[in-house]
Each structure stands twice: as C-alpha cells, then as structure tokens.
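Peer 1: Letter by letter, the chains look like this.
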Amino acid sequence: MTTVTAPRTPSTTPTWKKVLRRASDRRYMPVAGSVLTLVLMLVIGEMRYGGSNGFVTPRLLSNLLVDNSYLLVLAIGMTFVIITGGIDLSVGAVVALTGLVIATLLPMGLPLPVVLLVAVLIGSVMGLIIGVMVQYFHIQPFIASLGVMFLARGLANAVSVNSLGIDHPGFSALVSWNISVGEKSQQFKLNAAGLIALVLLAVAFYLLHYSRFGRTVYGVGVGDGGNAIDLMGLRTGRTVLWVYVISGTCAGIAGILFAMYTKSGFNLTGIGMELDAIAAVVIGGTILTGGGGYILGTAVGVAVYGLIQVLISREGLGEAWWTKIFIGVILLAFVILQRFLTARRR
Amino acid sequence: MSTTTPSPAVDIARRVTQHKLFWPVVALLVLLVAAGVRSPGFLSVTVQDGHLFGQVIDIMRGAATPLLLALGMALVIATGGIDLSVGAVMAISLAVSLEYLDASSSAGEPATAVVAVALGVAVALVLGLFNGFMVTVLGIQPFIATMILMVAGRGIAMLITKGQITTVTAPPFKHIGSGFFLGLPMPVIIAAVAFVVVVLVVRRTALGMLLESIGINREASRLAGVQARNVTWFAYAVSGLLAGLAGLVYGAPTMAADANNIGLMKEMDAIMCVVLGGTSLAGGKFYMGGTVVGALILTTIERVVIIFHIPSQLTPLFKAVVIIAVCIAQSPVLLQKINMSRLRRASRRQAEIANQEVPA
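Read top to bottom, the protein sequences are chains Y and H. If you use the numbering used here, the first sequence corresponds to residues 1 to 346, in order. If you use the numbering used here, the second sequence corresponds to residues 1 to 360, in order.
Chain Y with its partners taken away, still in its complex shape (with noise of 0.2 Å):
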C-alpha cells in the first residue's frame, strides 16, 4: 500500500454524488434491485394501459395496499424471523385459525374487542409454541414451525370444516369504514386494514432499525452462536423467542385483516400463504440466511408481488397458473440478482 490518499474534503463532493454513493451501498443493493423492479413494473403498466386516465394513479396504489394488507403484515412478521435466520411456516394456517374462530365467537354475542384481543392471541401463542420449541429445545424452525402448522390447521379444521360468514354488524362497520381523499381514477382511499398494516410497518421499522431489540434481532442471525453480539453489549436472552411470538402476533392479525377481506373465515384459507410471505420477503432483499434486510424492503416486495397480479389481470392472461409461473420467474430473477450481488461482495 504505497499509494498516499489525498486527504479528503467531503464539502467539494456534490450533494448527488454523496446520495448516488450511499445508494450503491452494497449493502443496500438487493433492494435497490427491488425498487427497481417496482418501478419499471410501473412504467411497463403505465404505458401498456395508461390511456386517458393513466395506469398509476392513487386509486391504483390505494388498491394494492387495500389488498395486500394481509400480506403485508404475514410478511413483516416473517422479516424478524428471516433475519434471524429461522423460518415460520405457520403463519398460513393460523390465519385460517383466526378467521375461524372470529366467525364463530362473533356470534355467540362476546363484544367485538374481546373478540379481536382473542384473535390476536390466538396467533401470540401459536407463535410462543415456535419459540419455545426453537429457544429452549433447540430444534430447526422449519420442523417446529411445520409442526405448529399441523396444529393450526387441525384445530381450524376442529373448530369448522364449512366457511361461516362474518355478519356483525360493529364488524361490518369496521370493513367499511375508510378514508377517502379524491375522486373517481384520482381516489386514494384507505380502509382500517390498510391503516393497521401501515401503523404496523411503522412500528416494525422503529422496532427493527431503531431498538435495542432490533439490533439483537440482526446479531442473532449472524450465526455465530451470539459472540458479537455479546461483546457489543447486547444481550441474546430470549430475542429468538420474541421474534417468534412477533410473527404469530402479525399472523392473527392478518387473519382479523384476511376475516374484514373476505367477512368469513373457512379452514382452507391460507394453504400457501407463508410462502407468499416467504416470498415477499425475499424479493425485499432479506438474505434467508440471516443477518441482513430490511422492513421497507419487505413493503416494496408485497408491492411487487401484489402488481404482478395486477398486471397478469390487465394483460388478460386470467388463468391462474399464469401467476404462479411469473412469480416463479421473478423470484428466481430475484434470488440469481442477490446471489450476483453477495457473491461479488466476498
């Protein structure tokens, strides 16, 4: 190293050359690939079906949250897990759990909080299950996990085996309420389960990115049994089981959201889901590894998942099985896009 730097004046770089670095991060690049995604998937969309009205418009976006929310949430639970480098299959079968035992609670006249609190729960324990499986037991969050969803499924498939409607009426009035601003194309209108998805991001993004708890979540999965994490001063303690119990807290509440979507609950729904989730999150640009992601990543893999629909919907290819293959493909772009990136790293 005989080469002499010259010493640096950061006030002469430009203010675009300093965002253009910070945005070639390496470390930011999966998701970098991710936005761009969605964003030629938006350009694509806009000049294909733009029209008269114009094919990105607040009504478009306001939609893809509208019905993705519970997706979104299975898959911001499904970040913490992620990143501590375990995996949580249950999720799909507790949100039929959930949605089942809403439709059957409801009415037998228990108020509707109690109601939701129960539904809630119902995931925080499913969840617990995984953790104290994974913590203290130490068996692999695939087989714990795969174990609780037998467990989730069976008891929805106890509670009903024939889809029950939701009709309730301070049920009712919680799916209808929103808040609209515009009109008609120009209309952005956000329903309850959007907004607890958006509170909920907001929440996990202060919880991931700005906690003490979100730090350890990162150090847990670096895989190296805790030792860095130990000598940061952080504490391992029970970060496993948490992540866990966060993951079954967000699946009852995409099962509420998933009851307000549908108003029923059946013992079939969410065959599937966890890796819709699992899928999200990858295209988010978290490793499954462990160690790295981000929220935000995850909101931007829902968004892409949720506009390939979309898009195969307008592009008239309705067959369903048009889906599953592009999503195939993207993934695998996707997955080849990080491998490239992370490979280069080393």
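Treat the hints loosely; a few may be bogus.
Claimed, not checked - Computed list of lysine to any residue pairs in SDA-like fashion (alpha-carbon distance at most 25 Å, straight line):
1. Y:Lys263 to Y:Lys17
2. H:Lys162 to H:Ser106
3. H:Lys162 to Y:Pro113
4. H:Lys162 to Y:Val310
Hints are computed from structural coordinates only; laboratory data are not their basis.
Once you have looked at the hints, place chain H on chain Y.
Peer 2: Frame of chain Y, contents of chain H only:
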C-alpha cells in the same frame, strides 16, 4: 466398586433408549397397539385371490408415496439442503404421463404405458437437475431455489393439463398404482425396490459418506477432495426422479391429473418422515431405516384416526402432536438435562454411601 458399573441389562436398556430410532419406533408401536386394542382385527392379514389384504397392508400401500419422496429428501437433507419442490414435481410428472396417454391412440398397450412412465420420470429427473443446478452452480440457498419450482411448478402442471383435470383409461398404467405383484400391492413393491436400490448405492459405496461429509462441512470435504458440487447435484437429481415416480404411483389408481391437488403439501409430509426418522435438518448423518419408520408413522396416524372414528379432518392435529412430541424427545437439550439429573443422582448416592462409611 460394583455399584458404579451398571449391570449388562441396564447398559443394554440405556443403549436402546438412547438409540436414534427409539422414540420413533415407540411412537409407531403405540399407534399400532392402540389401533389393535380398539379394533381387534386391525393387525390381521388375510389372503384373497392370492393377494394380501388387511389394514397393515393398507398402511404399507399408503406409506409408499411418502417413502419414495422421503428417500430422495433424506439424501438432499444429508447435504444440508432441502427440496420443497417434490409435491409440484409429482403433479408435473403425472400431468406429462397422462397427457401423453390421452394423446396416444393406443393407451391400453403396455408399451405405451412404459413410454408414459419413462416420460414422466424423465421430466421429473430434468426438474431435479434444474434444482441441483440452482443450488450447486448458482449457489442459491436450497430453500429458496426449490421454492421457485414449488410455486411455478404447479403453474407448469396446470399449463400442461390446460387447467383441466385430465382423466384417461389405461389399464397397464393403472396397474402401477392399484395392481399386485407377489401378493403385495404394486406401490409397496416399487417403494421397496427404490429403497433397496438407494440404500445399496449410498451405503455399499462411499457416496453416503460423501453426502454426510458435505452436510457436516462442505468446505472441509471439498478441500479433502470430495466433489461436493457433483455429489450434491446427484442428490437433487435423485430427489426429483423419485418425486416423479411417486407422482405416478400416487395418481395411477385414479388416473386423474389434478394439477392443483396432486402432491399438495406432500413435501412437508416427506420432510416430516425424514425428521421423524432421526435425520437432522441441519445436514450430516442420515438414516434410511429411520425414514421408513417415519413414513409408516405418518400413514399409521392417518389410519388410526379412522379406526378411532375421529373426523378425518383432525388428522393434522395428531400429526402435530406426534411431530412435536418426537422432536422434543429427540432434542439434545432434553437428553442433556436427563443425563445431568442422572449424574447428579448418582453422585448424591455415592456421597450418601461415603457419609455412612465415615462414622464407622
């Protein structure tokens, strides 16, 4: 000093209870005995027209599909990977075979059936090679690499059947699912042959050891001269091939290629069989015999639920109980705790003996 060395009987008992397969076998026996007590004819096997019939035979027939999947899965898991695509591969291979039979004018000919089977299995092999390519050459994590095919695969199967449920009638093809050979159901024979072949290949050659070495430490085994890439690729290829075979065996009795439902969640069943058999998902050591026990447990649960007149939709609940119980019983933490308390008890006993001897 005779108090410190345990008697041979205790020693054997301890070795048996600490064997990897102890808890899975106990679970299987408990299930079988429970069913036998509830329904006395459960364990009896009768002969009709030279074919064996009985609940136990039915369990073996039912275990054939999960076992075929789990054999390949065990090899993949041994390398530290996972194959989530097997359910979708089942659907694709069945769709390909039945579409071929549907298009062929001589669906009733045995030769046509052989070609249909070969086509289905060949496509499955290609899909397995694709998974292996992504994992070994591109270096993508197995979970996500095989999840791509899991998601897209069902779409591909639907594309092949054009969204319809293809049904054909071809007796020779149906034979592989519902026929008999030497008195045993054909699926049992196929699964047994596959088991013997896989066990011979991995245990009579160094391949099994190489797979385990890759699972324990990929880099170290590569430095030691193991062709980690090729061996891992082989495991995914075998998994794909066996998944294709499983799809044909599973779908042959009904002869209907339902792309949405054939093999749905079967990957989870297969993984469960492997884990119940004592193989760790972290990779390394794998147990083929244990995998068979796992597949039998899984199928027995389904059968026992029927015997006990429990609504069949509650089956997942029992799967959950068995999987959680066996995993916790096998978990190293619990074993350690038990050993610790045993040691503590032994040392306390010695201390007591010493205390009694001192005053005298």
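Peer 1: Now, for every hint given, state plainly whether the structure supports it.
Peer 2: How the hints compare with the structure:
Between Lys263 (chain Y) and Lys17 (chain Y) the CA atoms are separated by roughly 51 Å; this puts the pair beyond 25 Å, and the hint is violated. Simply put, Lys162 (chain H) and Ser106 (chain H) have alpha-carbon atoms about 22 Å apart, close enough for the 25 Å limit, and the pair holds. The suggested pairing of Lys162 (chain H) with Pro113 (chain Y) is violated, with an alpha-carbon distance near 46 Å, which exceeds 25 Å. Between Lys162 (chain H) and Val310 (chain Y) the CA atoms are separated by roughly 22 Å; this keeps the pair inside 25 Å, and the hint holds.
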